[in-house]
Amino acid sequence: MSELLQFLFSGVTVGAVYALVALGFTIIYNASDVVNFAQGEFVMLGGMATVFAHAAGLPLPLAALVAIVGTAAVGVALNRLAIEPARGAPVVSLIIITIGASIFIRGAAQLVFDKQIHTFPAFSGDDPIRILGATILPQSLWVIAGAVLVFVALWLFFTRTLLGRAVLATSNNRLAAQLVGINTNFVMTLSFALSAGIGALAGVLVTPITLTSYDVGLTLALKGFAAAMLGGMGNPKGALAGGLLLGLLEAMTAGYLSSQYKDAAAFVVILAVLFLMPQGLFGRKSTDRV
Amino acid sequence: MNRLTTTAIATLMALGLAPAAQAEIKIGATLSATGPASFLGDPEAKTLEMLVEEVNAAGGINGEMLELVMYDDGGDPNKARTFATRLVEDDEVAAIIGGTTTGTTMSIIPVAEDAEIPFISLAGAVDIIDPVKAWVFKTPHTDRMACQKIFEDMQKRGVTKIGMISGTDGFGASMQAQCKGVVGDYGIEIVADETYDPKDADMTPQLTNIKNTAGIQAVLNPGFGQGPSIVTRNYKQLAVGLPLYQSHGVASKGFIDLAGVEAAEGVRLPAAALLVADILPDSDPQKAVVTAYRDGFEKKTGTPVSTFGGHAYDAFMILKGALEKAGGEPAAIRDAIEGTTGYVGTGGIVNMTAEDHLGLDLTAFKMLEIKNGDWTIVE
Amino acid sequence: MKLTPKTATLLVLAALVAITPFFFPSGYYYRVGALIFVNGLAVTGIVILTGYAGQVSLGHAGFAGIGGYACALAPVHLGLHPALAVVLGAVMSAALAWLVGRPILRLKGYYLGVASLGMGILISMVLNNERWLTRGPDGIDVPDLGLRGVLKDWGLNLSNGEFWYFFSGIVMILGAWAALNLHQSPTGRALRALHGSEIAARTVGVDVSRLKLQAFVISAVYASVSGSLLALQNKFITPDVAGFMHSIEMVTMAVLGGAGSVLGAIFGAGILTLLPQVLTVFAEYEQMVLGLVMMLVMIFLREGLLPSILRKLRGTGE
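Residue numbers (this note's numbering), protein chains in the order written: chain A, 1 to 290; chain B, 1 to 379; chain C, 1 to 318.
Among the hints, erroneous ones may be present.
[To be verified] Computed cross-link-like contacts, BS3-like style, restricted to lysine-lysine with a CA-CA straight-line distance of at most 27 Å:
1. B:Lys-133 - C:Lys-235
2. A:Lys-237 - C:Lys-108
3. B:Lys-371 - B:Lys-161
4. A:Lys-115 - B:Lys-300
5. C:Lys-152 - B:Lys-133
6. C:Lys-152 - C:Lys-235
7. B:Lys-371 - B:Lys-211
8. B:Lys-133 - B:Lys-325
9. B:Lys-253 - A:Lys-115
[To be verified] If you want the ones that stay clear, here's a sample from chain C, every Cβ over 10 Å from chain B, calculated:
10. Lys-6
11. Tyr-29
12. Val-32
13. Leu-73
14. Arg-102
15. Ile-309
Simulated from the structure, these hints should not be mistaken for laboratory data. Positions of the beta carbon are idealized from the N, C-alpha and C atoms, including for glycine.
Chain A with its partners taken away, still in its complex shape (with noise of 0.2 Å):
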């Protein structure tokens, strides 16, 4: 029983962490159709300045939040310089824009930072809870928190909010979003903001967990893709679902089959469940224009 309950303390900590990649990846999808494969970087960047900022004196309060906005000016950076420009493009070339982005952001971040493993401190210590034999670390508490917190400011973003209908009605169709008179350059430079943010915010929150260095945006990029895509790319409640459903698997795979073969089963689901709900589980229906 206790045993259970570990599994799926930790499940549900490390699907918090995929949880916040994939709710980041929503935002900018949903205003553009472009999945952000650099949305790891975010992380990373969140992450790693923090550290950086900490060690350099500033409380860990303010260090997170200069992380946070100079991340999200990182990414109105990539809208203005990369994907603004590529509009139109195929979805390939989008892949391949945002990917070579995100090699970018590493290189740089291997310069101005450094190639070390870091960690901060966790917020509220590193004395584990126990709940019926099982234990979670405070930190996981605050990971959680932060992804449901997330979830629901986009939710009511995206259905009670003018801006929030403003950003669907852009990826829907441009033009006419622009003929009932949105802004759609500020729609855009917003979403790039608000999702670069939210993945530095997942850095800042999950650091004392998983630890940051450099390189970690890519593995986090494609779990919190998968997971985007498991739920449905593009749906808040899809991405929270699909980081859930995947954190869990892997750790009950790992706490009861095999640990060699934890993401081995992720991908098997994801694949039965794309074959049976093409748009994964909570995707709109989409209809193709001749």
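Fit chains B and C to the supplied structure of chain A, relying on the hints for placement.
Just chains B and C, lined up with the frame of chain A:
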């Protein structure tokens, strides 16, 4: 005939001496300064750069300046092979240092063997020098030796049943296999065998399974990078309460900071003298060498020294010794490297022979225990 | 005789393979050339899948892994000659592509991307984890192909580098020839129709799913043979060959050069294989420059390098 040769040599020397300042020996390196093994390759690259500078500032080797041609293979074995070919065919180096990982090393070996260029690897696996290859040497202790050192210590503590949790990267997987190979010699049984991906964020499921395996008395974690730090934290989180052994892949002070002082308390690992330069007794022959290297490296780079950089230090110093003795001819260099005896390095005292292209024995490892956030030597 | 695009492409490739060695200052250039041809073969497969049929795969390195490990394992365990191991690898890759392709090719765009990504990761995971068979992440030795020895007996004495340069070059040209033939066949025309609009193609009676599957299987064979050639050339292989980055590399090479044509894609393979060798002068800035090049080409030369350059040369800019 004799006179002709002498004349020829005199002419060559005259030609060679004319631009005397440019007379130089080229040595090549292909290291993983970026990519998944970058925190091994990065200190290695910095160490080589630092040492070449030092040697040249001191007037070179027998009056000849050293030129270091260094490439970054990013940990990709295919790239490493291309760079090795480039070093041999295009840059025409006299010797190669490199191969940060076992994978890159194994793909450089055929190039060095074919071209008959001496090659000193910085990677761990025992397969590199066993069976012995004429042109291939290495400086780090093998993973098999690390297993033996750990099992020796476990035996002393009366441990007979252990659990293992290994990284699935090359380092972890190779050491896992080597440990399984020698564990029987020590009357120890591996009763739980788990793995993790080096980028994993949480290893509590695997550790829960190990903890719940009946009769376990100690746990061994072969791995490098952030994995061992996370395992150590999770180990404390689950309050496993049994002796935890890390491997020699944990090779710098950084590990204690990342794992946290509390979680790292009591962890044991085999390591080179370099990590404990300060607490070595003055009588220790390695003390002077490791202290000097550590101070030089930390002054130059501002980052804490790691045993990986030490491997590059040893490789360079062994090569330097060979160059001093043998000049710039690859075959002569090879023979001189093989003849290395009594070299005192960061990894231990090296005595190479035709059958042993590593030249270290188990005494090169010290068994360390972490106490109050610092290393102590277990006797 | 009028020069068709097909003959022109083949002539250009043959001339490149035959003439460039006269300008090689050292044996190292043969190695780089051989790598370009091996990659060129793989991206020719991507041209069929992405350029002709318009489908994206982020997992094709998996097939290269199968081809490579077939050459490492089949000679030892099944006693096959390495040349037959190449064929076995290709057959296995084709079979797997056929099995996996049926369900995943129903997906579109990013969903197809993640499904193929998953497939590639599963293959590389097996290669990493099944140590008893593959010897794990540190890689495994591959036997010698033996063809160089045979040529030597016939009086043609090539160095190892020279042999692999010409051998890979010839295989790549054969691969290009096959792809160009396919392009002109009715299947090729149907594939291009599919690329234009799947629904339109379906309405005019094209069996869309069968076609996509064919393209997927054929491109898998190309990737597999390229993996085999790499393994045989290096006489050593590691699971990295099946890794995600290698998949991305293949797609990037093809698209960067111009995935619409065989020559363009091979040009891309050449550029991206040379780039890391040239970029060593940038030392620690290498990664940044590589990322920058990828972005700039995709933003400003959208059809790929070669088509854009050719258009410039013809003076018919946009």
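Verification of the supplied hints:
1. B:Lys-133 - C:Lys-235: holds (16 Å)
2. A:Lys-237 - C:Lys-108: Roughly 21 Å between the alpha carbons, so the hint for Lys-237 of chain A and Lys-108 of chain C holds.
3. B:Lys-371 - B:Lys-161: Answer holds: Lys-371 of chain B to Lys-161 of chain B is near 25 Å, not above 27 Å.
4. A:Lys-115 - B:Lys-300: holds (16 Å)
5. C:Lys-152 - B:Lys-133: holds (26 Å)
6. C:Lys-152 - C:Lys-235: Holds - the C-alpha atoms of Lys-235 of chain C and Lys-152 of chain C are around 19 Å apart, at most 27 Å.
7. B:Lys-371 - B:Lys-211: Holds, at about 23 Å.
8. B:Lys-133 - B:Lys-325: Holds - the C-alpha atoms of Lys-325 of chain B and Lys-133 of chain B are around 22 Å apart, at most 27 Å.
9. B:Lys-253 - A:Lys-115: holds (15 Å)
10. Lys-6: holds (31 Å)
11. Tyr-29: violated (8 Å)
12. Val-32: violated (7 Å)
13. Leu-73: The claim holds: Leu-73 of chain C sits with its nearest Cβ about 16 Å from chain B, beyond 10 Å.
14. Arg-102: The claim holds: Arg-102 of chain C sits with its nearest Cβ about 30 Å from chain B, beyond 10 Å.
15. Ile-309: Check passes; 26 Å lies beyond 10 Å.
In this structure, the hints that do not hold are numbers 11 and 12, in rising order.
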